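Could you put the whole structure together from the sequences, leaning on the hints where they help?
Protein chains in written order, with the numbering used here: chain A, 1 to 170; chain B, 1 to 183; chain C, 1 to 417.
What the hints contain is simulated information worked out from the structure, not anything from laboratory work. A portion of the hints provided could be inaccurate.
Which residues of chain C face chain A? A partial, calculated answer using Cβ under 10 angstroms [said to hold, decoys possible]:
id : residue
1  : 66
2  : 73
3  : 77
4  : 202
5  : 238
6  : 240
7  : 241
8  : 247
9  : 252
10 : 255
11 : 258
12 : 260
13 : 262
14 : 353
15 : 366
16 : 374
These figures come from a predicted structure and were not determined experimentally. Quick reminder that beta carbons are idealized off the backbone N, C-alpha and C, glycines included.
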Amino acid sequence: MSGANFPQRRTDPVLPRLTERFGDAIVGTHSQHGDETAVVARDSLHDVMAFLRDDPDLSFDMPTDVTVVDHLPRTPRFEVAYHLTSTRDLRRIRVKVQLDASDARVASVKDLWPGMDWHEREAYDMYGVTFDGHGDLRRILLYPEFQGHPLRKDYPKTRRQPRLGIEDPG
Amino acid sequence: MPGSVITVRRDQAETLLARIYLWEIVKGCVITARHFWRNLIGYMIGRRRTFVVNWPEEKVGYSPAFRGMPVLVQMENGAERCVACGLCEKACPTDCITIFPEEVGDGIQRRPKVFDIAIDRCMFCGLCEEACPEEAIVMSRRVEVASITKEGCLWHKEDLLTPASELPIRLGHIRNGYDRSPN
Amino acid sequence: MAEPATAPALDFLEVELPEGFNDPIGEEFEIRPMVLPMGPSHPAMHGTVRIVLKLEGETVVDADVQVGYLHRGFEKECESGTWEQAIPYTDRLNYNSAIICNLGYCLAVEKLLGIEVPPRAQALRVLASELSRMGDHFTCVGAGGLELGAMSAFLYAVEAREMLWDLVEDLCGARVTNNYVRIGGLSQDLREGFADRLKTTFAKVDELYSDVDKLLTANRIFVDRLKNTGLLSKDRAIAWGQTGPVLRATGVPYDIRKAFPYSGYERYDFDVPVGSVGDNYDRFLIRMEELRQSIRIIEQVLKDLPGGPVNVDDPKVRWPAKTRVFTRMEELIDQFMLVTGGIRVPAGEGYVAVEGANGELGFYVVSDGSGHPVKMRCRSPSFANTSALREMIIGSMIADIIPTFDLLNMIGGECDR
Ligand code: SF4
Ligand code: SF4
Chain A
1 MSGANFPQRR TDPVLPRLTE RFGDAIVGTH SQHGDETAVV ARDSLHDVMA
51 FLRDDPDLSF DMPTDVTVVD HLPRTPRFEV AYHLTSTRDL RRIRVKVQLD
101 ASDARVASVK DLWPGMDWHE REAYDMYGVT FDGHGDLRRI LLYPEFQGHP
151 LRKDYPKTRR QPRLGIEDPG
Chain B
1 MPGSVITVRR DQAETLLARI YLWEIVKGCV ITARHFWRNL IGYMIGRRRT
51 FVVNWPEEKV GYSPAFRGMP VLVQMENGAE RCVACGLCEK ACPTDCITIF
101 PEEVGDGIQR RPKVFDIAID RCMFCGLCEE ACPEEAIVMS RRVEVASITK
151 EGCLWHKEDL LTPASELPIR LGHIRNGYDR SPN
Chain C
1 MAEPATAPAL DFLEVELPEG FNDPIGEEFE IRPMVLPMGP SHPAMHGTVR
51 IVLKLEGETV VDADVQVGYL HRGFEKECES GTWEQAIPYT DRLNYNSAII
101 CNLGYCLAVE KLLGIEVPPR AQALRVLASE LSRMGDHFTC VGAGGLELGA
151 MSAFLYAVEA REMLWDLVED LCGARVTNNY VRIGGLSQDL REGFADRLKT
201 TFAKVDELYS DVDKLLTANR IFVDRLKNTG LLSKDRAIAW GQTGPVLRAT
251 GVPYDIRKAF PYSGYERYDF DVPVGSVGDN YDRFLIRMEE LRQSIRIIEQ
301 VLKDLPGGPV NVDDPKVRWP AKTRVFTRME ELIDQFMLVT GGIRVPAGEG
351 YVAVEGANGE LGFYVVSDGS GHPVKMRCRS PSFANTSALR EMIIGSMIAD
401 IIPTFDLLNM IGGECDR
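Right under this line is the structure:
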């Protein structure tokens, strides 16, 4: 009744390795409250993510979450936040990309982790951020006829959408 | 860190007895029959062991910590204890409380002229009770609040007023067990 | 504004009729894929999910899992209220284990505030989380039995769950919508005599547990439907972001309580069960074993429960004690400030995950220093786990969908938020 042991948690930071490898593509970093965060230039997002996954020293193999933060009056308005976890080293990293409202699109990382699929669809559904190369970017929680993206800060909470007509079967 | 990783045993269904399956049937029948007879006999001799009660003829007993719908506490002189400060209105996540204050006496005392709770939106969360500085709104043990009209779900001050003598359990609970930082 | 995406994934819905289909009895008859929508109102699709299946005979060739029927705008609601007001909404995520959701959210906000709750509150949070986890596992195991035809196992499991929920009611005032954990503490302390009531209940729960165990674990009809169905390999499970029993069934000992201990879990001695194959039977056994481990943790918590307050003594975070509000001016003012303004959370962002009954329940909160959250994101385990359902069922029979879906224990409220 006994098997493997728990993996050991590594405590050395991830960010230095990332900045060393990518240099200018890392726009900013911080480790507020112990969460290591890298803000990445939009065009190098896919490379950074592929590196985080494939580098044998980092090996962030589990996609944890994708979401968008809408800082409305501020520009750039949107911030796409990815959370990755390494099940081997028990470390987490947050990768963020900043997007302007006029051009809210970023490369999809669904090809790296299939688990990003639904999270990206949800981010598209709720915020209207397009993930290029996703291939199946449908609404997921809302229905296809829904107008607008409800988690944007300029979408009023009380706004109502017309009810869909129920088709009369006969 | 104590504790270890254990692998679950998949071979429990591989034993000979489990493979024959007859034994499993007998075991299942014994367990089910035990429950059945215990419940039936318990029912006949009046010591029910079943968990289900025949609502509404029977009611379940609630714990003293139980939160039902919020009601207003009425003092002995018939007036409400509420001073219409509006904190509960502010604290309520669903905005289901509506208060219009009025001044009484020579303008020192305040009380609610209108105090409505839209009980269909209330989620019995108890934040209003926690916010109230006067112990004027408390969670009662009343839960049967259904109505077939929208108006019936709007409880006015008169409906909500409950004499303090009917709420001893909750008031006791707020004062004793509900203290936030006993130190 | 992004243009709406087209939907290429559903193109299998337009199945072209083969030539001569009008004459199915004739010689031209050929098997063609059938499209079968399963759910949302299907007795086995509890949690309201719809699966559009493409079938060849009884084999699933392709599937499209559609969720969202229970979407209630959880994040929008939370972002429009104060930090405190979001707590009752987190109850509505996973109705089986609401306290774990409360806890995850409160820990995330406490991380931004940089506070740590007193030891007694930590211990009680562990106790309450484990009670909820047991309720969740009992529901999953029982409903799994029910859907595979074992009705009485369901009755006993749910009876055990109801008893546990009565304990939870004693703890916090409600059975399902608990609203127990607060930012900076707990809503109330233990009531007198809780340990005794817990002991009586656990005696009965133990008995019911062993009944369920005897009825299901070695029962061949049940086991044959679970073994080697819903298979997911280790690498795929990780790449799909699976957590909880689904991931542990593949042999990865990833449990947040051990990996990123929170609320003092590192103080308790418990084992993490893992599987070896990654099928439904492993998931079932893991849940049964975790029930036992939860009982172990609760006994340890009660054995040395620290004394002291259950709330931080900080009038900027936690509402002052009732008796003081009634009598002292200073506390009354604190109360007014806190209720009307809400907690001021320093600007910043934080991600905290707790081990929910179904996996990693994470909360990502962003604050700009005002009394309202800018962003309040719930990373729900059900959502991530359900996304891999397609891969688990492709190639299997229709009948295998039922145990697979059940042992994912997809909770609609948590998945759709
Ligand atoms: S119980 Fe909660 S929802 Fe109901 S009135 Fe009070 S604060 Fe509002
Ligand atoms: S908080 Fe209490 S005193 Fe103030 S208005 Fe509400 S019920 Fe009345």
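Here is what the structure says about each hint:
{"no.": "1", "hint": "66", "result": "holds (8 angstroms)"}
{"no.": "2", "hint": "73", "result": "holds (6 angstroms)"}
{"no.": "3", "hint": "77", "result": "holds (8 angstroms)"}
{"no.": "4", "hint": "202", "result": "violated (23 angstroms)"}
{"no.": "5", "hint": "238", "result": "holds (5 angstroms)"}
{"no.": "6", "hint": "240", "result": "holds (4 angstroms)"}
{"no.": "7", "hint": "241", "result": "holds (3 angstroms)"}
{"no.": "8", "hint": "247", "result": "holds (8 angstroms)"}
{"no.": "9", "hint": "252", "result": "holds (6 angstroms)"}
{"no.": "10", "hint": "255", "result": "holds (9 angstroms)"}
{"no.": "11", "hint": "258", "result": "holds (6 angstroms)"}
{"no.": "12", "hint": "260", "result": "holds (7 angstroms)"}
{"no.": "13", "hint": "262", "result": "violated (12 angstroms)"}
{"no.": "14", "hint": "353", "result": "holds (8 angstroms)"}
{"no.": "15", "hint": "366", "result": "holds (5 angstroms)"}
{"no.": "16", "hint": "374", "result": "holds (7 angstroms)"}
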